[in-house]
Amino acid sequence: MALDRPALNKLYRYAYSLSGSEDEAYSLLQAGLKQYLEAPTRPPMTASVPYVRQTIRNLFIDQLRRQRRFPEVPVDDVEEQLDPRGFQSLEDQVVAAIDLELVWSKLEPFEREVLHLWAVEGLSAKEIAVQTGTPRNTILSRISRARKKLRALFPEGDARSAVS
Amino acid sequence: MSKVPVEVAVREHVMQRELSEAQLQALEALPRTPLLRTRAPWGTRRSRVLLVAAAMVLVVAGGFILRPGEDAAPITQQIATEVAKNHVKLKPLEVASDDMADIRSFFVELDFVPVESAAMTQSDFELMGGRYCSIAGDEAAQLRVRQRASGQVGSLYMAPYDAEKHGAIPRRSEGEPPLVMYARGLKVEIWVEQDLLMAMTGPF
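In the order they appear, the protein sequences are chains A and B.
Residue numbers for the first sequence follow this note's numbering, beginning at 2 and rising by one.
Residue numbers for the second sequence follow this note's numbering, beginning at 341 and rising by one.
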């Protein structure tokens, strides 16, 4: 097996962050893995995880388009999206685990994706832009929208008023 | 109820998701296609090796007879020449779209999935469409792009990267600058990105 169990779980968690659903995540992982294993030419094993992750992403995007669920950014929000601080703008935000469970499904897939790649994979906004082939400004706007949603749902989620 | 930074909460939330033993076993049991399967029935690995060896002998002999004394160009120069030649011809697009998802949906016959290269976003290119082509004998995607500032049209090629065949090519993810070559009066940049061989050319 080209991908070991830790790698499979890593990909599964990525698919979960994209889709927001464990069932859908497993389906995406299974489909992505099948595509990888059926390809007559495959990347070297060291590149298997990024390859399958990209395959999962592409499959998910195709799925969204077929179901006409591709998230649109409201035109009048475009000007307000950008915060050049990127992930630093989230550093003062605190949240309880149970609250994140509630808000997770309310985030858009690509907002969850940037949070995943930042918090779980440890990537910067620039690295996420390169890895996903997305303009950096788009990444920044997704971070801003995620932060806005967190603040709207949990207005007291500020480090200065954190309750221990 | 204790609160933690968003980064920590996200990480803990995601890391709790884990495949079950049954799911892991099902994934591990997925069939794997042997490498180097092609549409033509090449038979056993030994017969494929013999076939490739015979082809190489013919190519070397043919090259010696037709062009005595001329050294074969390195593979990267061959790629640069092929890419530049194809670009100059500007053959009609087989799919016209500025949407990468449409482009990916079109290229179903390829053995890889075209990706949105960072070269496009970082150099302010817009996508125009694509067509099937080949690079060094491998099926490839040729994407036509337009530089927004100048309006000039270029071509971005993608094919599976094979380290043995193509040799060491700079990897974008490791911050390595692309190979720069010149062919047919055009600058050609060659690099590896998301494990695809990429070549970009145009009058930029």
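Hints are computed from structural coordinates only; laboratory data are not their basis.
There's no promise every hint is true.
To be verified - Here are the in silico distance ranges between beta carbons for each label pair:
1) A:K127 x B:R488: 38 to 46 Å
2) B:S445 x A:S125: 28 to 36 Å
3) A:P51 x B:K425: 43 to 51 Å
4) B:Q417 x A:D5: 34 to 42 Å
5) A:Q89 x B:P432: 45 to 53 Å
6) A:L103 x B:G507: 26 to 34 Å
7) B:V428 x A:N138: 27 to 35 Å
8) A:P51 x B:R372: 17 to 25 Å
9) A:I99 x B:P543: 56 to 64 Å
10) B:E479 x A:A32: 18 to 26 Å
Just so you know, even glycine gets a beta-carbon here, dropped at the ideal spot from N, CA and C.
Each hint tested on the structure:
Remark: the range hint 38 to 46 Å for K127 of chain A to R488 of chain B is contradicted by a beta-carbon distance near 21 Å. Checking the proposed 28 to 36 Å range against S445 of chain B and S125 of chain A shows it holds: the Cβ atoms sit about 31 Å from each other. Between P51 of chain A and K425 of chain B the Cβ separation comes to about 32 Å, which falls outside the hinted range of 43 to 51 Å. With their beta carbons about 39 Å apart, Q417 of chain B and D5 of chain A fall inside the hinted range of 34 to 42 Å.
At roughly 48 Å, the beta carbons of Q89 of chain A and P432 of chain B sit within the given window of 45 to 53 Å. Checked against the hint of 26 to 34 Å, the pair L103 of chain A and G507 of chain B fails, with Cβ atoms roughly 52 Å apart. Judged by the Cβ atoms, the range 27 to 35 Å given for V428 of chain B and N138 of chain A holds: they are separated by roughly 34 Å. Against the hinted window of 17 to 25 Å, the Cβ-Cβ separation of P51 of chain A and R372 of chain B comes to about 19 Å, which satisfies the hint.
In this structure the supplied range 56 to 64 Å holds for I99 of chain A paired with P543 of chain B, their Cβ-Cβ distance being about 58 Å. Evaluation of the 18 to 26 Å hint for E479 of chain B and A32 of chain A yields a pass: the beta carbon distance comes to about 22 Å.
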